[in-house]
Amino acid sequence: NDAPRPYLSDLAVRPLYRRKGAAKKLIQNCESVVKEWGHDKLYLRVERKNNAALKMYKDLGYESLEHPYFGVKDTPILL
2 NDAPRPYLSD LAVRPLYRRK GAAKKLIQNC ESVVKEWGHD KLYLRVERKN
52 NAALKMYKDL GYESLEHPYF GVKDTPILL
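Just so you know, we're using our numbering here: the sequence shown kicks off at 2 and counts up by one.
Hints are supplied without guarantee of correctness; some may be wrong.
Calculated cross-link-like contacts (lysine to aspartate or glutamate; reagent style EDC-like; alpha-carbon spacing at most 20 Å) [as the list claims (entries may be wrong)]:
no.: 1; residue 1: 56; residue 2: 32
no.: 2; residue 1: 42; residue 2: 64
no.: 3; residue 1: 26; residue 2: 41
no.: 4; residue 1: 59; residue 2: 48
no.: 5; residue 1: 59; residue 2: 41
no.: 6; residue 1: 26; residue 2: 64
no.: 7; residue 1: 59; residue 2: 11
no.: 8; residue 1: 25; residue 2: 41
no.: 9; residue 1: 42; residue 2: 67
no.: 10; residue 1: 42; residue 2: 11
no.: 11; residue 1: 42; residue 2: 32
no.: 12; residue 1: 25; residue 2: 60
Derived CB-CB ranges, DEER-like [unchecked claim]:
no.: 13; residue 1: 16; residue 2: 39; range: 32 to 42 Å
no.: 14; residue 1: 16; residue 2: 67; range: 29 to 39 Å
no.: 15; residue 1: 67; residue 2: 18; range: 24 to 34 Å
no.: 16; residue 1: 31; residue 2: 56; range: 14 to 24 Å
None of these hints come from the bench; they were simulated from the model. Glycine residues also receive a C-beta, built at the ideal position from the N, C-alpha and C atoms.
Turn these sequences into a full structure, and let the hints guide you.
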């Protein structure tokens with residue numbers, strides 16, 4: 002179902018702030034906003050080759066989702 006849903010794409014953190022929890026805190030803040038909006042999930046778009054981001058998202062409980070076009074013709078995948 003491609004119905005409107007909370008969706009985050011292209012999260013980036015300046016190098017100076019990487020590996021200090023900034024991205025994790027941003028994701029957690031987004032998850033809080035999503036709940037305020039009445040949704041139970043935040044969907045993420047991430048580059049398949051971004052191993053650091055994929056590990057962080059996995060540690061936060063996200064899993065790769067099958068989708069008819071994400072990850073088929075391009076490198077991003079949907080979580």
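Original post:
Which of the numbered hints above does this structure break?
Top reply: Of the numbered hints, all hold.
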